[in-house]
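Residue numbers (the UniProt record's numbering), protein chains in the order written: chain X, 1 to 218; chain Z, 1 to 226.
If you are wondering where the hints come from, they were derived from the structure by calculation, not from laboratory data.
Nothing here was measured: the structure is a model prediction, and the numbers come from that model.
Where a beta carbon is used, it is the ideal one built from N, C-alpha and C, also for glycine.
Please note that a few of the clues may not be correct.
[As the list claims (entries may be wrong)] Examples of chain Z residues toward chain X, derived with CB under 10 Å:
id : residue
1  : THR49
2  : ASN53
3  : PRO79
4  : TRP165
5  : ASN176
6  : PHE177
7  : PRO179
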Amino acid sequence: MQKMSRDAMAKRVAQDIHEGAYVNLGIGLPTMVANYLPADREIFLHSENGLLGMGPAPAPGEEDEDLINAGKQPVTLLTGGAYFHHGDSFAMMRGGHLDICVLGAFQVSATGDLANWHTGAPDAIPAVGGAMDLAIGARQVFVMTDHQTKSGESKIVEQCSYPLTGIGCVNRIYTDLAVIDVTSDGLVVREMVEGLTFEELQRRTAAPLIAAPKEDSK
Amino acid sequence: MIDKTIDTMAQAVAGIHDGATVMIGGFGNAGMPAALIDALIAQGARDLTIVNNNAGNGETGLAALLKAKRVRKIICSFPRQADSQVFDALYRAGEIELELTPQGNLAERIRAAGAGIGGFFSPTGYGTLLAEGKETRTINGKNYVLESPIHADFALIKALHGDRWGNLVYRKTARNFGPIMATAAKVTIAQVTRIVELGELDPEHIVTPGIFVQRVVQESAQGGKQ
């Protein structure tokens, strides 16, 4: 069994982003999804600091300090893109206008609670940014994360132990081992990496999983 | 004749009093009115409450204001960053108060103040640490948290062009909090790259109408108008 690379995960998420989708890619791993969006689809990337139609990083020497993404990295604007202020930007997010957002996670619960902003450690300085607005605002929330922490703990849990970002907000989880839907019945496994058994996936997951009905599995 | 343009940075920040609540535009360094902040440091007001998305980057701009120990409290969404060492040290030493607000609630609290709204129910943060102790309500089956407006005594913002009536246009993502902060402060002070003649800005393209702006100062201004 081979875990998916970060690039393979990004490519997998990108497949599920449809033509015409308005999408926000969170800081960190989700940002990589932009590199794999199918070239034959027009997809609008939103950045909460006020742009829609975000393009790739500029060529070296072409950076503009007034044109950055939410991670404060230099970006470009596609032809047809737009700038707007923070009030409008978060209206797009909170108002349910974004089709998809892709977020990283410390933990996701069996009922789709998300924890991704704060470890709660006493010496940690908390910072939330737009995470809570994205988590509850987009029509579909995808989480992209390693299945387990470096020390082998499951990031999918019955109940989050880290402080929550949003309640019941996650629709689909893409890990380096599987694609899992959060449904009213529970966590349904849609895909697994080659060579991984359902039993082994369950062993690595701290919440009950449901095998997808045969006709659904790929 | 109405002329909101100001000759010097020092005059632009005159009257900012100790204990004032000051909104500062910018997302990281994009849109941060660095010249106004430098003037505020020189002006000397202390015990300030600052409203910004972040809590300073590196050692300049907002970070320099923090370093000069002029800030009692900061209301922001994302203080901790790779280069927020000035804030981090003050916070760990207990020398600055932090009110952490989700970014969208921060924006809407500012917008609400400017629009005369007494409070609003936001779905953001419901059931989290950041909603603890706040009134909640279920509306049409969805859960919300009561959020309050943030009013300011002053707003320091950065725009691209401004005219003597205070009309402003911005540049790219440096726009960010500028337009909403301009509405929420008693005195809005705009640092602009260039002061233009009245009529030069296309009325269809003006982002902040002059009613929200009290002072306009050109970035290059020191001793006098350029």
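Structure-inconsistent hints, enumerated in ascending order: 1 and 4
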